[in-house]
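Taking the hints into account, I'd like the entire structure generated from these sequences.
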Amino acid sequence: MNQIFSRFLKRATFWIALVVAIGLLGGPLAGDAPAAKKKPLRFGVADPLTGPAAIFGKDQMQAVRWAVEDINAKGGVNGHPLEAIILDHQAKPEVGIAVVNRFVHVEKVPVYITAFSNVVKAVAPIANREKVLMLSVGANAPAIARLGDYVYTTFPLADVDMNALGKYAFQKMGKRRAAVLHVNHETGRDGAKVFSNSFKKAGGKVVVFESYEQERSDFTGLVLKVKAANPDIIHIHSVIRDFTAVVAQMRQLGVKTQITSYQTAFNPKMIQQLGKGAEGIIVTALAPSVEDNKNLPAYIERWKKAYKRMPIGLPYTQYFYDAPYIVAALYKWVLDKKLPITGENMRKALVAIKTFEQPLTNTVTINDDHTVKKPVYFWQVKGGKFTLIGSQKD
Amino acid sequence: MEYILTVMVLIGINVILATSFNLILGYGGLMSVAHPIFYAIGAYCSGLLAIHLQIPVPLSILMGAGIAMVLSFGVSLPSLRVSGDYLVIASIGFQLGILHVINNLEFTGAAGGLTNIPVLNEGPSRSLVFVLLIAVVAACAVLLVGWIVEGDYGRAITAMRNDEEAFSALGRNAMNIKIVLFAIGSGMAGLAGALYAHYFAYVTPEQFGIFTSAALLTMVVVGGAATTWGPLVGAVLLTTLPQAITFLGLPVSIMAPLQGVIYTTLVIFFLFARPQGLMGGTRGGGGLEAWSASAAFRARRDAE
Amino acid sequence: MLTWGILGQLLWTGFAAATYYCLFAVAFSLVLKVNKIWNFAQAGVMVFAYYSLLVAFRHWGLPLVPALVFGLLITLAVSLALERYAFMVFRDRNSSILTLFIFTIVFSEFSVYLTELAFGTEPQTLYPSLLWPVDLYGGIAISHWDLVALTVTAVLMLILYLFINRTRYGQYLIAVADNENLAEIYGISRKRAYGVSISIAAVLITAGMYLFGTKAALFPSTPLQHLLIFAVIATILAGIGNVFRAGIAAIALSLIQAFSILVIASKWQALLAYILIFVVIIFFPRGFALPRKLSGLVRPSGRSAAVAVADATRD
Chain U
7 MNQIFSRFLK
17 RATFWIALVV
27 AIGLLGGPLA
37 GDAPAAKKKP
47 LRFGVADPLT
57 GPAAIFGKDQ
67 MQAVRWAVED
77 INAKGGVNGH
87 PLEAIILDHQ
97 AKPEVGIAVV
107 NRFVHVEKVP
117 VYITAFSNVV
127 KAVAPIANRE
137 KVLMLSVGAN
147 APAIARLGDY
157 VYTTFPLADV
167 DMNALGKYAF
177 QKMGKRRAAV
187 LHVNHETGRD
197 GAKVFSNSFK
207 KAGGKVVVFE
217 SYEQERSDFT
227 GLVLKVKAAN
237 PDIIHIHSVI
247 RDFTAVVAQM
257 RQLGVKTQIT
267 SYQTAFNPKM
277 IQQLGKGAEG
287 IIVTALAPSV
297 EDNKNLPAYI
307 ERWKKAYKRM
317 PIGLPYTQYF
327 YDAPYIVAAL
337 YKWVLDKKLP
347 ITGENMRKAL
357 VAIKTFEQPL
367 TNTVTINDDH
377 TVKKPVYFWQ
387 VKGGKFTLIG
397 SQKD
Chain V
1340 MEYILTVMVL
1350 IGINVILATS
1360 FNLILGYGGL
1370 MSVAHPIFYA
1380 IGAYCSGLLA
1390 IHLQIPVPLS
1400 ILMGAGIAMV
1410 LSFGVSLPSL
1420 RVSGDYLVIA
1430 SIGFQLGILH
1440 VINNLEFTGA
1450 AGGLTNIPVL
1460 NEGPSRSLVF
1470 VLLIAVVAAC
1480 AVLLVGWIVE
1490 GDYGRAITAM
1500 RNDEEAFSAL
1510 GRNAMNIKIV
1520 LFAIGSGMAG
1530 LAGALYAHYF
1540 AYVTPEQFGI
1550 FTSAALLTMV
1560 VVGGAATTWG
1570 PLVGAVLLTT
1580 LPQAITFLGL
1590 PVSIMAPLQG
1600 VIYTTLVIFF
1610 LFARPQGLMG
1620 GTRGGGGLEA
1630 WSASAAFRAR
1640 RDAE
Chain R
6 MLTWGILGQL
16 LWTGFAAATY
26 YCLFAVAFSL
36 VLKVNKIWNF
46 AQAGVMVFAY
56 YSLLVAFRHW
66 GLPLVPALVF
76 GLLITLAVSL
86 ALERYAFMVF
96 RDRNSSILTL
106 FIFTIVFSEF
116 SVYLTELAFG
126 TEPQTLYPSL
136 LWPVDLYGGI
146 AISHWDLVAL
156 TVTAVLMLIL
166 YLFINRTRYG
176 QYLIAVADNE
186 NLAEIYGISR
196 KRAYGVSISI
206 AAVLITAGMY
216 LFGTKAALFP
226 STPLQHLLIF
236 AVIATILAGI
246 GNVFRAGIAA
256 IALSLIQAFS
266 ILVIASKWQA
276 LLAYILIFVV
286 IIFFPRGFAL
296 PRKLSGLVRP
306 SGRSAAVAVA
316 DATRD
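Residue numbers (my numbering), protein chains in the order written: chain U, 7 to 400; chain V, 1340 to 1643; chain R, 6 to 320.
Worth double-checking, as some hints may not be accurate.
Claimed, not checked - List of simulated lysine-lysine pairs, DSSO-like, C-alpha gap at most 27 Å:
{"hint": "1", "chain 1": "U", "residue 1": "199", "chain 2": "R", "residue 2": "196"}
{"hint": "2", "chain 1": "U", "residue 1": "114", "chain 2": "U", "residue 2": "354"}
{"hint": "3", "chain 1": "R", "residue 1": "196", "chain 2": "U", "residue 2": "206"}
{"hint": "4", "chain 1": "U", "residue 1": "399", "chain 2": "U", "residue 2": "211"}
{"hint": "5", "chain 1": "U", "residue 1": "206", "chain 2": "U", "residue 2": "399"}
{"hint": "6", "chain 1": "U", "residue 1": "300", "chain 2": "U", "residue 2": "275"}
{"hint": "7", "chain 1": "R", "residue 1": "272", "chain 2": "U", "residue 2": "262"}
{"hint": "8", "chain 1": "U", "residue 1": "206", "chain 2": "U", "residue 2": "282"}
{"hint": "9", "chain 1": "U", "residue 1": "300", "chain 2": "U", "residue 2": "310"}
{"hint": "10", "chain 1": "U", "residue 1": "211", "chain 2": "R", "residue 2": "196"}
{"hint": "11", "chain 1": "U", "residue 1": "354", "chain 2": "U", "residue 2": "137"}
{"hint": "12", "chain 1": "U", "residue 1": "344", "chain 2": "U", "residue 2": "388"}
As the list claims (entries may be wrong) - Taking CB as the label site, the calculated pair distances span:
{"hint": "13", "chain 1": "U", "residue 1": "114", "chain 2": "V", "residue 2": "1485", "range": "38 to 46 Å"}
{"hint": "14", "chain 1": "R", "residue 1": "8", "chain 2": "U", "residue 2": "208", "range": "29 to 37 Å"}
{"hint": "15", "chain 1": "V", "residue 1": "1545", "chain 2": "U", "residue 2": "388", "range": "38 to 46 Å"}
{"hint": "16", "chain 1": "V", "residue 1": "1390", "chain 2": "U", "residue 2": "360", "range": "27 to 35 Å"}
Source of the hints: derived by calculation from the structure; they are not laboratory data. Computed from a predicted structure; not experimentally measured. Glycine residues also receive a C-beta, built at the ideal position from the N, C-alpha and C atoms.
Shown next, in the form of structure tokens:
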């Protein structure tokens, strides 16, 4: 027994020591903060940089970086540079929890930004427990408004644009029979429900309401079910690739019905992949168009110059560009009032300031019930491009 | 500090999972890979009971473990009928089937997961307290399994694993042993799941799929199957390794896949270089290769 | 709801879409039969096949045939390397099934991470557009993709059938599948047979991934999480050792799933598959029984059969 135990001890010690050594060696190697004249004001940003949603996350993070650069070029916040700590959460809740724990306990930031409804829901308890302010940008599950005192969204939740779309479909487009398809998770389900209820309330009928797994590739049965039900409008509450796949198969099977979706379908790549099949698709967007925002043309130019293309999910990137401006405003309020930089005080700042004039999304007002209301824009694919066809500015 | 405590909680949970899996797989020779589903059942049942029926958390944890134990019949009964490759596949079907149901029922939160699970303890030092609790539970798990496999009963288990036909021919009841091993192992996995749920306050179906099966298998095998300390070493190593990789200061956008590549390469290396596991000794002293005498192998040899 | 047009369309399109499932199932089943491995690493091979095709089509802009050849060469290389440097080693060591299970799953995971690292994680299609020309015949939409898929699959299956039953090498494969040591005594190289069988699988996989990628976009994790499971179920339903029946089983499964949309909600379709696995493997470990006359063409074989027989007679 002694022999076995001492052998165990030797081996276990070796391996554990090795792992700890890697960890310790790695620690100092992990990014050092650049030496700054004044202490940098830090905030965390968690978005998917890998995984299926990275196609959106990467462009969103570029927008954040540009915003931080622009703010610092103008002197930062009271002379302090702003610093974004960007980490990847892969749109996976458990990775999100690990990342946010790192923000809160290792990086010790008073505020962090994140996106994607499933991650937002998972990390909300941490914000409330540790009293760190959490800003959700882009996630739209209606439940986000009720996730706790320290959880706020700077982006309108699904009940804003989906309510508007339901009414628009009935009143302006004259549709009466809707088929609703959604991807089987938070965002899909909640968004689809809001649209469905809104359409029904306006007087329409929902003839199909079905979900599908995110990674499905063959939608034949689903498409045929929709075809048989004979709707005059099909709303697809999807993520990214699934939208393209469903629509492609619909068009291939001779389904020429009007298709609508929400902001994630505002994706130039989708038009490229669908070709003619994309004509007529209507999507909602919650960020102003060039007609309503004077900074937007320059922003789009910046993208074309740097990447020779439009950003993917343009409206989302507008909100992500503006998010550091909100953080900057919060820091300014706290510094001006000579309060310590804590999550609690950042939250006080948010509640006190309430209304923010933003470069790319105009005015954002954070209501007391944690919701945000913004005008809804309707875009339609015409001649291979997104064209603004209407808006609802309640 | 908090971060380290969180990692320690994860280590503790993985120790319980790996040890209980080792009981079924390493000692019992029962090739089910569905262990994560009992982890899931414990987590979800305990969470749902606490949320909807307002059952006090300690009680719901025990109930979660109990339900997992009962549902272990879902694999222990098939194991009475098929074994080897077939049992592996059957257990995969069981696992993925239940997972699919969890993934699609609104009641369990569907693909978005179960949120706002009441926590077991609150307060500034909750993590420290929880780490101590997990450490005690994990220690008990290791000792329990060690105790089960010692002595007469342990020898009976080994005999059943190595040659079930001869075992039955001698009048011993293999059925009872299989059912007991699955029940205890799955119950422990359920307990681990419930503890996880009431600490992290959030579970999602993605955590319990085939990748997790492979991860647990790896812990058992790399540590050394059918050894007492193997699963513990495997769990510690394979929980801390991915965390350690995140500190290597790699560019953020490639960190996740690079981490995956490093991790999987290491596992593959181990499978080739040291198949008996870290704690496994010479052949026969541990590791999956200890079953050389088992019926499956004899069937192969006989076919030659 | 149930018009003949709808049913006809379901049948046609479901059948066409089932073609790649058929190819994957036959590949999986063949490797199980001859190499005696539950090759979950096939998902990894599928990933390599797809991304090499992607590089050839999208990054290098190669025309169809050179691109396919390139994809095939990469897939062959990976498959043969797997067989020679992994499976052979484990076989020689008499490793347990679980060691193989872990290796094959982890290899597939490794492939997923590697391709994510190299290509990013954006979903990709092989051609820039997903739309193929569609013709209407009697109200049923027939896409050119459907025709290509059916032709490719039928041709490959025919070639495989002729190869196995009419050529010497095909017979060697059967011999090794039945009893590799006896086959070696008769001068048949077991190693070469393993190599041939996994190479055939590589051809089928490359074809299948080409078909898939021209119809839908792929994530690196799609093969492991979705495509492979079908192949596994089909193999089990058909009975181990029945390669062509596995292909038919895959098509049948796909059709069942497609038609089940008429009776159950879309989200429960996959559950059918899992329940099937569970029920079939436990109650019909040798696959669904065929009437005596037909079963002569499709006998189970090899060690797995010996175990299956032992299991069946044990009860």
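Tested hints:
A threshold of 27 Å between alpha carbons decides the hint, and for residue 199 (chain U) with residue 196 (chain R) the separation of about 58 Å lies outside it, so the pair is violated. Between residue 114 (chain U) and residue 354 (chain U) the alpha-carbon distance is near 18 Å, which keeps this suggested pair within the 27 Å criterion. With a C-alpha separation of about 66 Å, the suggested pairing of residue 196 (chain R) with residue 206 (chain U) is violated against the 27 Å cut-off. With a C-alpha separation of about 25 Å, the suggested pair residue 399 (chain U) and residue 211 (chain U) falls inside the 27 Å cut-off, and the hint holds.
Between the alpha carbons of residue 206 (chain U) and residue 399 (chain U) the distance comes to roughly 21 Å, so the proposed pair stays at or under 27 Å and holds. A hinted pair counts as satisfied when its Cα atoms are at most 27 Å apart, and residue 300 (chain U) with residue 275 (chain U) qualifies at roughly 26 Å. Distance restraint check for residue 272 (chain R) and residue 262 (chain U): the Cα-Cα separation of roughly 24 Å lies within the 27 Å cut-off, and the hinted pair is therefore satisfied. Restraint check for residue 206 (chain U) and residue 282 (chain U): the C-alpha separation of about 31 Å exceeds 27 Å, so the hint is violated.
With a CA separation close to 17 Å, the supplied pair residue 300 (chain U) and residue 310 (chain U) stays within the 27 Å bound. Annotation: proposed proximity of residue 211 (chain U) to residue 196 (chain R) is violated, straight-line Cα distance about 64 Å (limit 27 Å). At roughly 11 Å between alpha-carbon atoms, residue 354 (chain U) and residue 137 (chain U) fall within 27 Å of each other, so this suggested pair holds. About 53 Å separates the Cα atoms of residue 344 (chain U) and residue 388 (chain U), which puts this hinted pair outside 27 Å; it is violated.
For the pair residue 114 (chain U) and residue 1485 (chain V), the supplied restraint of 38 to 46 Å holds, since their beta-carbon distance comes to about 42 Å. Look at residue 8 (chain R) against residue 208 (chain U): about 30 Å separates their beta carbons, and that is inside 29 to 37 Å. Separation of residue 1545 (chain V) from residue 388 (chain U) is about 39 Å and conforms to the stated range, judged on CB atoms against 38 to 46 Å. Roughly 33 Å separates the CB atoms of residue 1390 (chain V) and residue 360 (chain U), a value that falls within the hinted 27 to 35 Å.
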